[in-house]
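S.K.: For reference, each letter of the sequence shown is one residue, going 2 to 754 in our numbering.
Take the hints with a grain of salt, since some may be wrong.
[Said to hold, decoys possible] Label pairs and their in silico Cβ distance ranges: (1) E700 x N627: 16 to 26 angstroms; (2) D308 x D422: 31 to 41 angstroms; (3) D399 x T461: 36 to 46 angstroms; (4) S626 x I197: 50 to 60 angstroms; (5) S693 x T271: 41 to 51 angstroms.
Hints in this document: simulated from the structure, not taken from any laboratory. Don't be surprised by glycine CBs; every beta carbon is placed ideally from N, CA and C.
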Amino acid sequence: MPGVSHAVCCARRLYYSMSGRDGKVKAQLQHMRPAGERPEREAALEELALVSASPPGSLAPAAGRREARSALSTTGGIGSSRARSKSRSKRLDGKEETPGAEPAPMETPARKLLLQNRGSTETGLQITGTGKILQGKAESNGTAGAREGRGQQGREDGNRASKKRKPVSVDSSKAKTSLEALKVSIRQLKWKEFPIGRRVACDIYWHGVSFHDNENIFSGQVNKFPGMIEMLRKINLSRAVRTMQELFPEEYNFYPRSWILPEEYQLFSTQVRVAKDKDASWKPTFIVKPDGGSQGDGIYLIRDPSDIRVVGSTQCKNAVVQEYIQKPLLIDKLKFDIRLYVLVKSLEPLEIYIAKEGLSRFCTEAYQEPSQKNLNHVFMHLTNYSLNVHSDNFVHSDSTNTGSKRTFSSILYRLASKGVDIKKVWSDIISLVIKTVIALVPELKVYYQADIPPGKPGPTCFQILGFDILLMKNLKPILLEVNANPSMRIEHEQEVSPGVFEYVPSPVDEEVKVGVIRDTLRLVDPGQRKLTNHQLHLSGNGSELQEDILEMASPDKAEQDGGVKVENLPSLCLKQVFPKYTKQFNYLRIVERISALFMRFLGVKGTMRLGPTGFRTFIRNCKLSNSNFSMASVDILYIDITRRWNGLGADQRESGMGLQAFVEAFLYLAQRRFKSLPLHQQAEALADLCESQLNGVDEKRLLCSRGVAERRTTFTSCQPEGMQSGLSAPAPNQLQCLDAASKSGDYRPHQSL
2 MPGVSHAVCC
12 ARRLYYSMSG
22 RDGKVKAQLQ
32 HMRPAGERPE
42 REAALEELAL
52 VSASPPGSLA
62 PAAGRREARS
72 ALSTTGGIGS
82 SRARSKSRSK
92 RLDGKEETPG
102 AEPAPMETPA
112 RKLLLQNRGS
122 TETGLQITGT
132 GKILQGKAES
142 NGTAGAREGR
152 GQQGREDGNR
162 ASKKRKPVSV
172 DSSKAKTSLE
182 ALKVSIRQLK
192 WKEFPIGRRV
202 ACDIYWHGVS
212 FHDNENIFSG
222 QVNKFPGMIE
232 MLRKINLSRA
242 VRTMQELFPE
252 EYNFYPRSWI
262 LPEEYQLFST
272 QVRVAKDKDA
282 SWKPTFIVKP
292 DGGSQGDGIY
302 LIRDPSDIRV
312 VGSTQCKNAV
322 VQEYIQKPLL
332 IDKLKFDIRL
342 YVLVKSLEPL
352 EIYIAKEGLS
362 RFCTEAYQEP
372 SQKNLNHVFM
382 HLTNYSLNVH
392 SDNFVHSDST
402 NTGSKRTFSS
412 ILYRLASKGV
422 DIKKVWSDII
432 SLVIKTVIAL
442 VPELKVYYQA
452 DIPPGKPGPT
462 CFQILGFDIL
472 LMKNLKPILL
482 EVNANPSMRI
492 EHEQEVSPGV
502 FEYVPSPVDE
512 EVKVGVIRDT
522 LRLVDPGQRK
532 LTNHQLHLSG
542 NGSELQEDIL
552 EMASPDKAEQ
562 DGGVKVENLP
572 SLCLKQVFPK
582 YTKQFNYLRI
592 VERISALFMR
602 FLGVKGTMRL
612 GPTGFRTFIR
622 NCKLSNSNFS
632 MASVDILYID
642 ITRRWNGLGA
652 DQRESGMGLQ
662 AFVEAFLYLA
672 QRRFKSLPLH
682 QQAEALADLC
692 ESQLNGVDEK
702 RLLCSRGVAE
712 RRTTFTSCQP
722 EGMQSGLSAP
732 APNQLQCLDA
742 ASKSGDYRPH
752 QSL
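Can you make the complete structure from the sequences, with help from the hints?
M.R.: And the structure:
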């Protein structure tokens, strides 16, 4: 084979003429030479490697390179017969070859490597794999298509891995009685549960009692709001609703008239006596509820204020006494109430969801209007499950339509069959829930900023509340109470044999409560997974009760969570009612505006009480004092209201004016300034005035800050180079700004204007 011999001679001649730097390449080629390879092919490989490794201006001429490629073509290397036949028909760019013209060199990976390395200053050629040099798209262990396919598959796997996020982590170590329902929900979502917690942060913390069950949480989400337990005690709930009743008496007539014991006992006695004097036939009944009671503990009925137990003694406990609803709606001659689950997803912005299914809890003794003889019949008058479960008449049922605990929808179906307007019932219930939460939010925000001040690292919060609602005979819903920690047990205690009790599953509880917890987790999912069309459509029972008005994102953008498709889950059982119905209820949020003013002047982060200086600053900045209401009168007002509220058994951990006392002072000022308007319009007008004045203060402060910054920049730029880092005296305009900020209460010595 003279062609090959000539190529080998040229390759050897070029090889020995190379510098010692190229000897490294020879060593690599010798080391990588496959066993049994022909000497001619080895020489051609050496030639090709040397040529490719030669820097610009080396001794390897173009002719030598062509000879090396020709030799490889003859030996079946780069230019195989199949590749040569293809190169004759078409060029790489798809253009036809001109007959008789010199064929252009084929654009192969090896040629690209040669062209690339001509301008390289590297001292060696890196060869991986088997040591064979590939022709075109052919590969030593398969076709180029396979290689490209593997590369494409790798890219797809990488993209899929980047899209596939880790499952949401849930700390259930403090879940307590809701643990079983939570476990079922996490398994359905295919999230990750940490039953004993973990050192690194979790996405969600599920607490059983309060926000403070697990201390030192700086991220994630917690299923409790700070202060929710305190706000939903009987007394604080009554006070919050009473404030709204003063402002909007017609809108808040769903809450029974209430008195706080012992402080309002004399008022209660006087009002009852006066009402009886006007109507001798009036025979009222009242229900007494301990402030911190739960599960029906300590609740009893009375006919006269004198029947209240231990009033005036040192053992008297704080309680609320309410008018008893004597004409409730009855089913099967039994009184019942409704437990509805409400999710408060956030306070700012306010988001409220209502579960479309609830529980109906029945008394176990046929109802009779209260009389002196049956006042103590708790199984007749009190609907608490924890009481009635001990009755011999309590019926455990696997059906959702029968028994002493049923689904709310089963009751509504029954009413609908009698011609009741179910939409009206639902509308009234939704209105009751939204109005109640609006009454709670102002003080909840104060608690929130005390535990998680703005700018401080901390978790976000959400919470499931239990609303206990009674339907009157005329189907008007009445709010009985709101539970911060509604029972989420999905089993009940049952006597399986004489004297032997064990917990057995409760199908009704599991159907309702697991759905509430699971869909709460879905709504607070940190990945904000969008729901699929399957989730947005309901089970298709055709009932208006199951109408889903929850507005979600476009279903065609559904995502996956940890490889689990969300369309495998049932549709959401929680329906958004706020901000969906913002227009209908936003006018009720006047106390939130008052709360914002209160928090602005608290001063020290984390405090919940307004001191006398903060109150004076509020009056001065809002320009509420005048010749008829001097600053001395402001101080007297502050002292009188604060002293009276502190004497009502309020929290004594801090001194000063709490939010409820501030609201009273605010309404007093509104009545003085806007005498001819209704109370809620007076409050709105004063809030508008205060916000306008404070906006002006903020604008002036911003202008002063900009002016000071500009003067500092100008002053520094005018200093000699060596003095620019030194301190300079404040400009006159800066002193004026500092004085104005100090008077406005916005100045802090440690803060920069």
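S.K.: Would you say the C-beta atoms of E700 and N627 sit inside 16 to 26 angstroms of each other?
M.R.: For E700 and N627 the Cβ distance comes to about 23 angstroms; the hint holds.
S.K.: Please test the hint of 36 to 46 angstroms on the beta carbon pair from D399 and T461.
M.R.: Given range 36 to 46 angstroms: holds, Cβ gap about 39 angstroms.
S.K.: Look at the Cβ atoms of S693 and T271 and judge whether their distance stays inside 41 to 51 angstroms.
M.R.: holds, 42 angstroms
S.K.: Does the Cβ distance between D308 and D422 fall inside 31 to 41 angstroms?
M.R.: The hint (31 to 41 angstroms, Cβ to Cβ) holds, given that D308 and D422 are roughly 39 angstroms apart.
S.K.: In this structure, is the beta-carbon distance linking S626 and I197 contained in 50 to 60 angstroms?
M.R.: holds, 59 angstroms
Hint violations for this structure: none, all hints satisfied.
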